[in-house]
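If you're matching them up, the sequences are chains A and B in order. Each residue of the first sequence is one higher than the last, beginning at 2 in the numbering used here. Each residue of the second sequence is one higher than the last, beginning at 121 in the numbering used here.
Keep in mind the hints are simulated off the structure, nothing from the lab. Don't take every hint at face value.
Cut-off 35 Å, straight-line C-alpha distance, at most; resulting in silico cross-link-like pairs (DSBU-like, lysine-lysine) [unchecked claim]:
| id | chain 1 | residue 1 | chain 2 | residue 2 |
| --- | --- | --- | --- | --- |
| 1 | B | K131 | B | K182 |
| 2 | B | K198 | A | K37 |
| 3 | A | K69 | B | K203 |
| 4 | A | K68 | B | K131 |
| 5 | B | K164 | A | K110 |
| 6 | B | K203 | A | K110 |
| 7 | A | K69 | A | K57 |
| 8 | A | K110 | B | K191 |
| 9 | A | K37 | B | K182 |
| 10 | B | K164 | B | K198 |
| 11 | A | K68 | A | K57 |
| 12 | B | K135 | A | K68 |
| 13 | A | K71 | B | K131 |
| 14 | A | K71 | B | K191 |
| 15 | A | K71 | B | K135 |
Here chain A is said to cover these stretches of chain B; the calculated rule only asks that three of the stretch's residues, wherever they fall, bring their Cβ under 8 Å from a Cβ of chain A [unchecked claim]:
| id | segment |
| --- | --- |
| 16 | 144-150 |
| 17 | 188-202 |
| 18 | 209-219 |
Backbone N, C-alpha and C define an ideal beta-carbon position, used for all residues, glycine too.
Here are the chains, one letter per residue:
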Amino acid sequence: GEDVEQSLFLSVREGDSSVINCTYTDSSSTYLYWYKQEPGAGLQLLTYIFSNMDMKQDQRLTVLLNKKDKHLSLRIADTQTGDSAIYFCAESPLSGTYKYIFGTGTRLKVLA
Amino acid sequence: EAGVAQSPRYKIIEKRQSVAFWCNPISGHATLYWYQQILGQGPKLLIQFQNNGVVDDSQLPKDRFSAERLKGVDSTLKIQPAKLEDSAVYLCASSLERGANYEQYFGPGTRLTVT
């Protein structure tokens with residue numbers, strides 16, 4: 002099927018690390034993405050990883066990819082209250098149309 | 121660089137009425153997408169245009185939804201007649217070209233409530 006799965010909620014204290022997990026479905030996906038959605042706003046691309054990589058680091062963000070298990074994670078170091086948002090992972094299968102398939106989203110709440 | 125513009129931002133209609141949404145993509149972007157995001161879910165692609173041609177409309181409920189991008193720039197999405205289950209946020213996105221390595225830029229969305 003086309004269900005990209007994420008846990009629904011995550012709550013962390015300010016300054017701690019957050020880890021958001023995602024299980025995707027299509028092993029042909031060459032790019033995997035993390036998007037952030039703040040209330041009333043559209044989606045903003047945070048980072049992406051190419052499928053031949055295991056890890057990508059971008060400032061406070063670290064993406065880990067386990068292709069064997071089709072598991073993707075996003076780690077946010079030193080989480081701030083401004084990081085409170087919904088985070089979506091997305092895959093882009095090699096189906097010819099390059100459409101994105103989004104996960105259900107994880108709502109991250111950062112407690113001061 | 122201006123982002124993806126959408127209007128209206130909010131719309132409330134009764135079931136069986138019609139509604140239209142408008143999207144103006146980033147200048148020069150050939151690919152335009154319409155997504156439906158139901159509350160508590162991730163966005164789901166409805167239709168994808170490459171210039172003024174349809175690339176993928178496999179998940180568009182064609183009995184009530186239609187979309188066009190006549191001049192290959194801005195686009196409209198129409199629902200006629202609306203059903204209660206059409207209540208959602210309709211997101212427009214654009215990318216420079218088709219391809220997984222081209223970032224999709226999203227507009228703020230139109231929140232539709234069908235009563």
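Do the hints match the structure? See the list:
1. The hinted pair formed by K131(B) and K182(B) meets the criterion: a straight-line CA distance of about 21 Å does not exceed 35 Å.
2. Between K198(B) and K37(A) the alpha-carbon distance is near 27 Å, which keeps this suggested pair within the 35 Å criterion.
3. Among the hinted pairs, K69(A) with K203(B) is inconsistent with the structure: their alpha-carbon atoms are about 42 Å apart, more than 35 Å.
4. Restraint check for K68(A) and K131(B): the C-alpha separation of about 42 Å exceeds 35 Å, so the hint is violated.
5. For a cut-off of 35 Å, the pair hint linking K164(B) to K110(A) stands: about 24 Å separates their Cα positions.
6. A threshold of 35 Å between alpha carbons decides the hint, and for K203(B) with K110(A) the separation of about 33 Å falls inside it, so the pair holds.
7. The suggested pairing of K69(A) with K57(A) holds, with an alpha-carbon distance near 17 Å, which does not exceed 35 Å.
8. Restraint check for K110(A) and K191(B): not satisfied, since their Cα atoms lie roughly 43 Å apart, outside the 35 Å limit.
9. With a CA separation close to 30 Å, the supplied pair K37(A) and K182(B) stays within the 35 Å bound.
10. Annotation: proposed proximity of K164(B) to K198(B) holds, straight-line Cα distance about 16 Å (limit 35 Å).
11. Between the alpha carbons of K68(A) and K57(A) the distance comes to roughly 14 Å, so the proposed pair stays at or under 35 Å and holds.
12. For the given pair, K135(B) sits about 45 Å from K68(A) by alpha-carbon distance, which is inconsistent with the 35 Å threshold.
13. In summary, the hint linking K71(A) to K131(B) is not supported, as the alpha carbons are separated by about 39 Å, beyond the 35 Å threshold.
14. Note on K71(A) and K191(B): the hinted pairing is violated, with a Cα-Cα distance of about 40 Å set against a maximum of 35 Å.
15. Between the alpha carbons of K71(A) and K135(B) the distance comes to roughly 41 Å, so the proposed pair goes past 35 Å and is violated.
16. Interface restraint, the segment 144-150 of chain B with chain A: violated (0 residues with C-beta to C-beta distance below 8 Å; minimum three).
17. For the segment 188-202 of chain B, the assignment as covered by chain A is violated, since 0 residues bring a beta-carbon within under 8 Å of that chain's beta-carbons and 3 are needed.
18. Restraint check on the segment 209-219 of chain B versus chain A: 4 residues with Cβ-Cβ distances below 8 Å, three needed, restraint holds.
When each numbered hint is compared with the structure, violations occur for hints 3, 4, 8, 12, 13, 14, 15, 16, 17.
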